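Protein chains in written order, with the working numbering: chain A, 1 to 132; chain B, 1 to 115.
Quick caveat, the hints were computed from the structure, so don't treat them as lab data. Since this is a predicted model, take the numbers as computed values, not measurements. In this text, a Cβ means the ideal position worked out from N, Cα and C, and glycines have one as well. Hints should not be assumed to be uniformly reliable.
Unchecked claim - Partial selection, computed: residues in chain B whose CB lies under 7 Å from chain A:
id, residue
1, L17
2, G21
3, S59
4, I62
5, L92
6, I94
7, T95
8, L98
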Amino acid sequence: MKFSIPSKIADIDGAVVRAVGFAEELGFDEDSIFGIDMAVREAVANAVKHGNKLDEAKTVDISLRNLADGIEIKIRDRGAGFRVEDVPDPTNPENLLKENGRGILFMQNFVDVVEWHNHPDGGMLVKMVKNH
Amino acid sequence: MADLNISERQAGDVTILDMSGKVTIGEGSVALRNTIRRLLGEGKKNILMNLGDVKYIDSSGIGELVSSFTAVNKEGGTLKLLNLTQKIQDLLAITKLLTVFDTFDEEGAALASYD
């Protein structure tokens, strides 16, 4: 399954619903569905807000693929990219009371694999895998 | 229907917010922010958030809880959490925010803690 959304906060939920629907058809259990929901929501929100900076002319592309033992989820934005290692650890005491910065932590907790790549045609590509 | 519904009750000088639905990026987070801002404007600084019927919260929603906590503290008040679901408890553990928030399973104990 492949689809795109404009970079609007209001469109994030619809993207999550479509991705979760695909995962449900693959027979994931309730806890895994919660994890997929959370990871997709955080990745799409990051792409919309930080990658495409809410520029509605820029799309976020979402693709989902059935694997032999799980699901592969790819989310691409059109932003300048970032280095994951430069993102402050939100669990450090000095960052605990910051409002933002926990999305990557949630993605890392709720799927089995999460990788960030520079897309050859520009933008950032997040690849996630959730195993059954 | 709104993502997040918030109803208010008063118990002495503690305002209890019974919340239900989702606290996620967009409407849910904005609704919570506006409620806290209004309560502080009305001088209501002791706030107990009842999260028992909150089924879902994302990092934006967690950020809004933190933002509410710091806003209330800044005004000399106290914000505490009541009836965390297992999932919300897990999220607060992952983010190490269980070390920040006072959390309660019983409303009576939560209210007594404000004395």
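Results of checking the hints against the structure:
At a threshold of 7 Å, the smallest CB-CB gap from L17 (chain B) to chain A is about 19 Å, leaving the interface hint violated. For G21 (chain B), the shortest C-beta to C-beta distance to chain A is roughly 12 Å, which exceeds 7 Å, and the interface hint is violated. Contact between S59 (chain B) and chain A, as hinted, is supported at the beta carbon level, the nearest pair being about 4 Å apart and thus within 7 Å. The interface hint given for I62 (chain B) holds, since its Cβ lies 6 Å from the closest Cβ of chain A, which is under the 7 Å cut-off.
Contact between L92 (chain B) and chain A, as hinted, is not supported at the beta carbon level, the nearest pair being about 11 Å apart and thus beyond 7 Å. Interface restraint check: I94 (chain B) against chain A, minimum CB-CB distance 5 Å, threshold 7 Å, status holds. About 6 Å separates the beta-carbon of T95 (chain B) from the nearest beta-carbon of chain A, less than 7 Å, and the hint is met. For the restraint placing L98 (chain B) at the interface with chain A, the shortest Cβ-Cβ distance is roughly 11 Å, beyond the 7 Å limit, so the hint is violated.
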